[in-house]
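A.B. asks: Take a look at the letters that make up each chain.
Number of protein chains: 2
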Amino acid sequence: MAKSIAKSGVGQPLAIGIDIGGTGTKFGIVDRDGNVLFSGEISTRKHAEVNTFIHDLHTALSELIEKAGGIGRMKGMGVGAPNGNYYTGTVEYAPNLPWRGIIPLAKLLEDKFKLPVTLTNDANAAAIGEMMYGAAKGMKDFIMITLGTGVGSGIVANGKLIYGHDGFAGELGHTIVIPDGRVHQGTGKKGSLESYASATGVTYTAVEMLAKSKEDSLLRKVPKEKLDSKAVYDAAIQGDKLAVEIFDFTGKILGLALANAVMFSSPEAIVLFGGLTKAGDLILKPTRENMESNLIQVFQNKVKILVSHLKESDAAILGASALVWEMK
Amino acid sequence: MAKSIAKSGVGQPLAIGIDIGGTGTKFGIVDRDGNVLFSGEISTRKHAEVNTFIHDLHTALSELIEKAGGIGRMKGMGVGAPNGNYYTGTVEYAPNLPWRGIIPLAKLLEDKFKLPVTLTNDANAAAIGEMMYGAAKGMKDFIMITLGTGVGSGIVANGKLIYGHDGFAGELGHTIVIPDGRVHQGTGKKGSLESYASATGVTYTAVEMLAKSKEDSLLRKVPKEKLDSKAVYDAAIQGDKLAVEIFDFTGKILGLALANAVMFSSPEAIVLFGGLTKAGDLILKPTRENMESNLIQVFQNKVKILVSHLKESDAAILGASALVWEMK
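If you read the sequences in order, they're chains A and B. If you're matching positions, the first sequence starts at -8 in our numbering and goes up one per residue. If you're matching positions, the second sequence starts at -8 in our numbering and goes up one per residue.
Some hints could be false.
[Claimed, not checked] Just a few of them, taken from the derived set where beta-carbon distance is under 8 Å, the chain A residues facing chain B:
| # | residue |
| --- | --- |
| 1 | Thr79 |
| 2 | Thr81 |
| 3 | Tyr84 |
| 4 | Gly129 |
| 5 | Pro258 |
| 6 | Glu280 |
What the hints contain is simulated information worked out from the structure, not anything from laboratory work. For each residue, glycine too, the CB sits at the ideal point set by N, CA and C.
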């Protein structure tokens, strides 16, 4: 019996990868080759208290752990979370999470699961996933940008993730692209990339443009509570002019931010990931054009904009799980 | 005789450091401990042809080389230049230099001096100088920003300079801070940091503010051709309101750019260097304030803004010379 387990590889250690987003938390059990063997999801948003979140995550994950051969096979747990700090294992002042202040998330998970836990920024985890298994395989200089509820980023230079002196590097979503621009509901700052180039930002742009323009649009028939980036996409692919303009505007701002990032760390590629990338060329074309037009000559026509080809949610889970293999 | 030379250290190898700026080119002969033994300067701007520049540089440097014990003692030459590429030894499309296109500067210098040459971005060279001998000694994550005729930057993360995939990383001066803002005379791009936070930018701001405002000002008595950042400084320290406003405006824009840089790579410190830093708190105070006000909470009150304490021009010469010691 023991022999047959070894043969089928059932005895090999596995890693747990957890990706905590503003809306939902995805988790998976991953083998060393990057196969997500089991996965699941719970809501983040509905847990106002971190303790009930940990409790529900434990319940959901325990089921998967049993299926995968029990806790004894788990080498550890890697976590990607907004404002996650690699050095301290804490999540600090994350504007898109329901929990305020400094949350010792790695410690809470360690105590609950009795497993070693490594934590980092969710976009950093995604960047590691892309570098190990995805579009950035073999690259030494690239930037990962996640366009979801918020905008996250992970920067790799000289083959290494940049954590910065305090573990918080890579918050491209909070850089200011339009001084005195739109107020970010979470941070109170004006004109940050995230307030425009996230799913939330696209919704705001739609509301603003519908109010300002007199033009007819399919979006005028969408009930207010259903007006989101998906509705804008559905209208745009039917050729709705205003919906196309919303993506143009979003791409223009994203392109400007990418140009600034390129002139900073000169990456070989920018890997985009997340909900907004589903809009394809509707957003990618204006993004690419405005990136190029804001670059000085020396950077022009060099930087690839790639869309992650990892299965949705896998990049972050894979990246988070990859942290486990790096544990001592 | 040979013995006495060895005793006095005269026989030790020396390095040549060259800092090519938009206005002038500074050079020095440096020992391993970072002492600039001999130094000089020639004009960059007046050489429309790179060949006459190389010729004049050779004439001026040869004199210093003789004084320092002859070419045999020179281990090599390190060069910092705008848009200098560490990987290829070329200077490419540098908007602030008189030479257009791609200039194989390292090769030209090697052929002329018969010495091995390493070249990088001028601000990268300055960053290495600060890391080895200056304000960033011992730091693993910091950003160097040079505020001269132009604005340059060198980014150090994980203890290493970021060159990027193509050798051009660190062009913070060309990042866009005011979309559709002031046109940069060299690049044609609108609203870049350099078009505001350089000596040239301050002059433009002065011209604009004097035209727009009706307020009395000492600057109104300055002849147009003498209106520069120095004149603005002289007026500001006498309490001239408009001159103080010019620095406020400049610091506000610089502070915004610093906030964006901090949220990108999360440095321990930002080291400022160059002419504009002489304005002291006139520019540092609004810079610091506006940096802090644009940072999200997790980055606030953490990042030091330091002014280089290396002797003027030494940082870049020292940094450039440090490249020589890294040669194989």
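A.B. asks: State for each hint whether it applies.
C.D. replies: Each hint, compared with the structure:
1. Thr79: Status violated, d = 12 Å.
2. Thr81: 10 Å, violated
3. Tyr84: Check passed: Cβ of Tyr84/A comes within 4 Å of chain B, closer than 8 Å.
4. Gly129: It is violated, given that the least Cβ distance between Gly129/A and chain B is near 12 Å, above 8 Å.
5. Pro258: 6 Å, holds
6. Glu280: Check failed: Cβ of Glu280/A comes no nearer than 15 Å to chain B, outside 8 Å.
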